[in-house]
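Protein chains in written order, with our numbering: chain D, 1 to 306; chain A, 1 to 502; chain H, 1 to 305.
Hints are not guaranteed to be accurate.
As the list claims (entries may be wrong) - Here are the computed lysine-lysine pairs in the DSSO-like style, where the Cα-Cα straight-line distance is at most 30 Å:
#1 K275/A with K99/A
#2 K167/A with K115/H
#3 K388/A with K20/A
#4 K20/A with K237/D
#5 K273/H with K167/A
#6 K273/H with K159/A
As the list claims (entries may be wrong) - Short derived list, chain D residues pointing at chain H, Cβ under 8 Å:
#7 D20
#8 Q21
#9 V22
#10 G23
Source of the hints: derived by calculation from the structure; they are not laboratory data. Ideal Cβ positions, reconstructed from N, Cα and C, are used throughout, including at glycine.
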Amino acid sequence: MFFMNDKDKFFGFLKSPSVDQVGLEERASRFTKRSIKKETKLNGLFLTLNMIDLTTLEGKDSEGKVKQLCYKAQHLHDTYPGLPTVAAICVYPAMIRIAKKALAGSGIKIASVATGFPSGQVPQKVKIKETRFAVAEGADEVDMVISRGKFLAGEYNYVFDEIATIKDACGAARLKVILETGELGTMDKIRRASDIAMHAGADFIKTSTGKIQPAATMPVTLVMLEAIRDFYYQTGKMIGMKPAGGISKSKLALHYLVMVKETLGDAWMNNEWFRFGASSLANDVLMQIEKERTGNYQSGNYFSID
Amino acid sequence: MDKKMQTVLPKKKKNTLKLKFETTRSYAPALESTSAANIKPQYDLFINGKFEAPLSKKYFPTINPSNEEKLSEVAEANAADVDKAVKAATNAYEKVWKKMAAKERGKYIFRIARIIQEKARELAIIETLDGGKPIRESRDFDIPAAANHFFYYAGWADKLDYAFPNKRTESIGVAGQIIPWNFPLLMAAWKIAPALATGNTVVLKPAETTPLTALKLAEIIQEADLPPGVVNIITGGGATGVALVNHPEIKKIAFTGSTEVGKIILQTTAGTNKKLTLELGGKAANIIFEDAPLDEAVEGVINGIFFNQGQVCCAGSRLYVQESVAHTVIQKLKDRLESLIVGNPLDKNTDIGAINSRQQLQTIQKYLKIGKQEGAELYESPCALPKKGFWCRPTLFTNVAQSNRIAQEEIFGPVLAILTFRTDDEVIEKANNSPYGLSAGVWTDKGSKIFNMSKRLKAGVIWANTFNKFDPTSPFGGFKESGFGREGGLHGLLPYVNLINS
Amino acid sequence: MNNSTISKKTISKRIEVLKTYKIYIGGQFPRSESGRFYDLIDEGGKKIANICLSSRKDFRDAVIAARNACSGWGNRAAFNRSQILYRMAEMLEGRKQQFIDELVQQGNSKSQGAKEVDLSIDRLIYYAGWCDKYQQLFSSVNPVASAHYNFSVPEPTGVVSIIAPQSSSLLGLVSVIAPVIAGGNTCVVLASEKNPLCAVTFAEVLNSSDLPAGVVNILTGKISELSSWFVQHMDVNATIYCETNHAIQKMIQEKSAGNVKRIQLYDKIDWNKSEGQSPYFIQNMQEIKTTWHPIEPIGSGSGGY
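Okay, chain D solo, but in the shape it has when bound (with noise of 0.2 Å):
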């Protein structure tokens, strides 16, 4: 711990706790056996809504598209009263200013992702460039990535020092830091990322960029959530949390409350602390809420696709 070299700088005072994959595993699964129901599945369903990053990240993202994602996200569904908003859209930072405009007084916050988004292969001057763009643009949160390749050679303090550069750039906007867990191998590294970003600053923790399998899955989101959980108990400060890819449907988006709320309580049940990366999600809890209201089940050609 004294004689520390540079690498090890910052594991040489903070250290990670092993994860047991097998346990975990079964940990998660124990919240699929939650049984929700009525007025509890209601809620879950509307906070699910207002959890969600509406986005779109491809490469033939339009301005058409992107404006009409800002239209779907101030109206899920109209014959529906009451249905609150999504928490973000989420785009390109070419895409910010549109969205800024489609999505005026609206209360929908906009989120870009930055930093060599999604494989981060670019200098480091250029990422800090980006999210410099990003913010002027007007993005309220940037989602960065992390070096996986630096982070896996266990240049750990490289990482620590990204991130801290990043978030320095952010300025007021918050900084979700992707760590791509579907690119990490392991558990305890999954953890070891998450210790890294939260002590280099982040505000929110995000499993994955979509275009890498496997992306959120439970058991790696509670890794995470336990890792917030135990930087909470050391600092009392809340850092947020988002799985990202994966998720579509309203029974799994429930699962994942279930476990927030059962691994980090009732304060983080809310979008300024949990969020869902998703692109399809919000019809199918579209769909449930119109089933719980009808009582039939629903088919997906009532539901504008974007």
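Model the placement of chains A and H on the given structure of chain D, informed by the hints.
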């Protein structure tokens, strides 16, 4: 950067930050419907393949411990009834079961396994109604595990020649089996399945407070068309058990229950040549080292002591946590304790159900009082408890000393005693410092330490980085005063056979 | 004194050094703490020796020695235990004549004695070989249905008190001790009351065989005095009784309730025959321990974490 890093260093002062779970415990009710459960108003004794009115002419009620309502009444077997049952079993042994081809014997047992699977839902509901355990546990654990146990031993019936090198096996005769109330159907399976597979016949007495699933099993055995008398199920209290143990035609006794009663059985069977298997009490040490996967360890501790309201002989009721992580672990345990849902056992979301009986609740409450008197610090979930029925909040004691009674004696309830340690040798010494030796838990990331601990802990089952896991293939049973003989796996055959030179 | 009354022959005769038969506790040869003894008389009514009449306090001391030796012996490499048992056989072979003489003193013919010693040596070799094999025979890897590695292994029960066969003074003794210690237990043995000589001499064999002190402790004395202590002691894990006395059998079973002692009654075994040796004698003094550990499912599926 260093400066920034400094600002987020953990504070030296121990914090007491808590998470809030008020709303977590209030999911909308998700009750399992009881319409699938067919419980008769009255049950007779299952003797020689038929339900027969007891010679005692007496019945006693069995109640739902979660609301104290009567579910049914069951016959109370007296010595004459026991005699009738044992005679039926002897007759079936001599005339049918002993002579039957082993593979046919096996097929009957397979049948029983299958029918249990088919009736799993009904059995789960009845188990929960009669015993107070959460429906999630009876549905996901008790009933499937019972079916699996029959399935496993069914396959052994015609393979016994391979079980013991250079020996043939010979069945013993009539086995008298007495089972506890904590896992009523599963314990019946643990007892009956290996006994039948090895060619013995059975008289089984379920616990006084939880007779219903055993009686449903009797119906299943009828449905499976098992030859009459091969399995007899008689209900009753302590006196019935005594009559069974003392019956001269019983050749084998398998008992699961308290060490106190186990010792009485040892005394009363002395000089009789009855073969014994005893599965008795426990006070398992669950040991967390500082390098453990802490969140999984905490979950293991919770599962270890609150599974089935802690009414488990292998419950991890003594937690030894290494001093350097004790604060963290206790902080996590307290929060986790509060997220447990206590309430109606039929609610699918219930984590902690009712205590099995008023008597057991009184025992637990006695220990809660003792713990406080001994100076330990009590912490319990602030959850509300139902007005009727037998309930106990999940509880943990900190500041416990090795000499405290709550750290020495089996409580058999949702009460955890937490102790700390510094070195490996210290914790081994403390963990083994018990008359019991049924199970133990070890949590560490270090493989070599696991093997060392596993070797040095004097207990029949060691759960390393896990806890309270069971499987039909896995032998279960204790060292020291936790009893002898194994149930489950290859080793579970031995108590039901005589080995003959081949 | 008139020197002429002593014959020349008497003067020139070498005076034989008689053996003092003592008990064996913790690698030492003390006399009974009680100071008591009994006369061992041969068939012709001639006194052979004074034999220690061990007391319950001797037994207590022996149990302490056995308990102290327990974890060390149990944790020895099985291979090492095997070598020590083999060494015991070597030592016995080397002192064969002494044992034959003692057996003859106790009423056996020379050829009977020689046969018994040979069998005893072979029995030690037999169990020496088992030391690192019975585990494989009685272990199992259990295919549980969850993501866990699960295995069961036999482990020594602990301290075993043994009331040795009365008639088979050497072979019986060796046949009950060897499987107990081959399995990593330690023991306190009450030698045959009528034929105790070989037991004491066997202790000398043990003492020169690299067997750690306290692993085997041998007392001489009366079954009627000691048997209840053998089974009552709360720090003894198991008791072996090799006689047919039903009252004692019953007493042993009754008193085993004190600490749920494991009891083995070897009352129908002919130690001269092949049924007198078997790995199942080792297993009888073993506890099965089952260990579970999770198996991390890395790489077990496509694209998994």
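So, going through the hints one by one against the coordinates:
no., hint, result
1, K275/A with K99/A, "holds, 22 Å"
2, K167/A with K115/H, "holds, 28 Å"
3, K388/A with K20/A, "holds, 27 Å"
4, K20/A with K237/D, "holds, 15 Å"
5, K273/H with K167/A, "holds, 16 Å"
6, K273/H with K159/A, "holds, 29 Å"
7, D20, "holds, 6 Å"
8, Q21, "holds, 5 Å"
9, V22, "holds, 3 Å"
10, G23, "holds, 6 Å"
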